[in-house]
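Asks: For the record, the sequence lines run as chains A and B.
Numbering (my numbering) for the first sequence: 1 to 187.
Numbering (my numbering) for the second sequence: 1 to 158.
Since the hints were made in silico from the structure, they are not lab data.
Backbone N, C-alpha and C define an ideal beta-carbon position, used for all residues, glycine too.
It is possible that some hints are incorrect.
Covered stretches of chain A (chain B as the covering partner; in silico rule of three or more C-beta atoms under 8 Å from a C-beta of chain B) [claimed, not checked]:
1) 83-95
2) 103-117
3) 171-183
Here's a subset of chain A near chain B, in silico, CB distances under 10 Å, partners left out [unchecked claim]:
4) His20
5) Ser22
6) Leu49
Cβ-Cβ distance ranges computed for the label pairs, FRET-style [what the hints assert, rightly or not]:
7) A:Gln169 - B:Leu4: 39 to 45 Å
8) B:Ile112 - A:Ala160: 38 to 44 Å
9) A:Ile174 - B:Thr23: 14 to 20 Å
10) A:Lys124 - B:Glu126: 37 to 43 Å
11) B:Tyr96 - A:Asp167: 54 to 60 Å
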Amino acid sequence: MSLLAFFGWLGDTPWSVGLHESQYAYSIIESVHVWTMAFFFGLVVMFDLRLLGWTLRTVPVGEVVVRLVPWTIAAFVLMVISGTLLFYAIPLRSFQNIFFRFKMILLVLAGLNVWLFHSRVYPKFAVRSVEGVPPKRVRIAGAVSLTLWIAIIVSGRMIAYNWFDCDRQPQAAIINFLTSCIPEAVN
Amino acid sequence: MDLLAFFQWCYDTPLGETIRNSTWLFPAIEAVHLLGLGLTIGSVLLVELRLLGVGLSRQPVAQLAASAEPLLIGGIILMFMTGIPLFLSESIKAFYSFAFWIKMTCLFLVLIFTFTIRRRVTRTNEATERPRLGRVMVITSLTLWFGVAWGGRWIGFS
């Protein structure tokens, strides 16, 4: 079964239809997604600004890592759960949405950045107890994270728009390629 | 001039009309508005978590609040700078939207609360000795900010 067929099938399951057609459930989940995003992104911004040395300079980086990361993880889990439900409500359309795809790629990159920071940068530079402005590699990790999360939120917001949707033809060939859209199959 | 006439005037402003007639402007400004919300909530949370005795709990409340304040004000300014153009573009819809009025009420209250009571309490380390006061403040602040965020999102659904 192709991914397209799979997400088409998923969208026809009773729970997906129910979510999609519900008067309030979808909006409530969407609100939870936005609220947890603000919680998560807000703390990530504080964290990244600390890595950049722009704020909280008197607080050691290690303390920020130990004390704030658990909260970002908790918010991230809620965000993934609500996000998965939003996807489940409209699977095929989301899967073919160019902004959704872009967002997923950026999420992988952000995950990679988190992994690199915690496995390579953070232990190597021994910034745990350092106050003030961290070394350059740490600042770069903060800047990359901030840039990626901003781009993730912007692209996430844009998923709502159907400018490049498969059922809106004609589109440029490159758009149809990027959204795995076969216009003949739609019309 | 009654309120609806004022909203109509807002709706007719050149900026409002420009945003309405553009495909990209509204979403683009909206996205920056969301980033402003994140910045605001983050800088609020930094202090609220501390007031609950978690997060950066080794830091004095007053010092954290002082570090967070420029970011908080920055976030609020960013939200106003983007929120006002968004409002101008759909002020008539906003006028008839229940969520919009909830949001404005919560926003009005939370701004007053933040820059009077909350600022005064977090300027000293008073809340550390009075954890109940801290908790009440956190609940007030987060409930009102939740109302702002919820109302804002819900305007789009109505």
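Asks: None of the hints should be skipped; say for each whether it holds.
Replies: We went through each hint and held it up to the structure:
1. Only when three residues or more bring their CB closer than 8 Å to a CB of chain B does the claim for the region 83-95 of chain A stand; here the count is 0, and the claim is violated.
2. Counting residues of the region 103-117 of chain A whose beta-carbon sits less than 8 Å from any beta-carbon of chain B gives 0, not enough to reach three: the coverage restraint is violated.
3. With 0 residues having a Cβ less than 8 Å from any Cβ of chain B, the region 171-183 of chain A misses the three-residue criterion, and the hint is violated.
4. Because the beta carbon of A:His20 sits about 14 Å from the nearest beta carbon in chain B, more than 10 Å, this interface hint is broken.
5. Checking A:Ser22 against chain B by beta carbon gives a least distance of about 12 Å; that is not within 10 Å, so the hint is violated.
6. About 7 Å separates the beta-carbon of A:Leu49 from the nearest beta-carbon of chain B, less than 10 Å, and the hint is met.
7. Taking 39 to 45 Å as the suggested C-beta distance range, the pair A:Gln169 and B:Leu4 conforms, at roughly 41 Å.
8. At about 33 Å, the CB distance of B:Ile112 to A:Ala160 disagrees with the hint of 38 to 44 Å.
9. For A:Ile174 and B:Thr23, the Cβ-Cβ distance of about 19 Å falls inside the hinted range of 14 to 20 Å, so the restraint holds.
10. For A:Lys124 and B:Glu126, the Cβ-Cβ distance of about 41 Å falls inside the hinted range of 37 to 43 Å, so the restraint holds.
11. Checked against the given bound of 54 to 60 Å, the beta carbons of B:Tyr96 and A:Asp167, roughly 31 Å apart, lie outside it.
In this structure, the earlier hints numbered 1, 2, 3, 4, 5, 8, 11 are contradicted, and the remaining ones agree with it.
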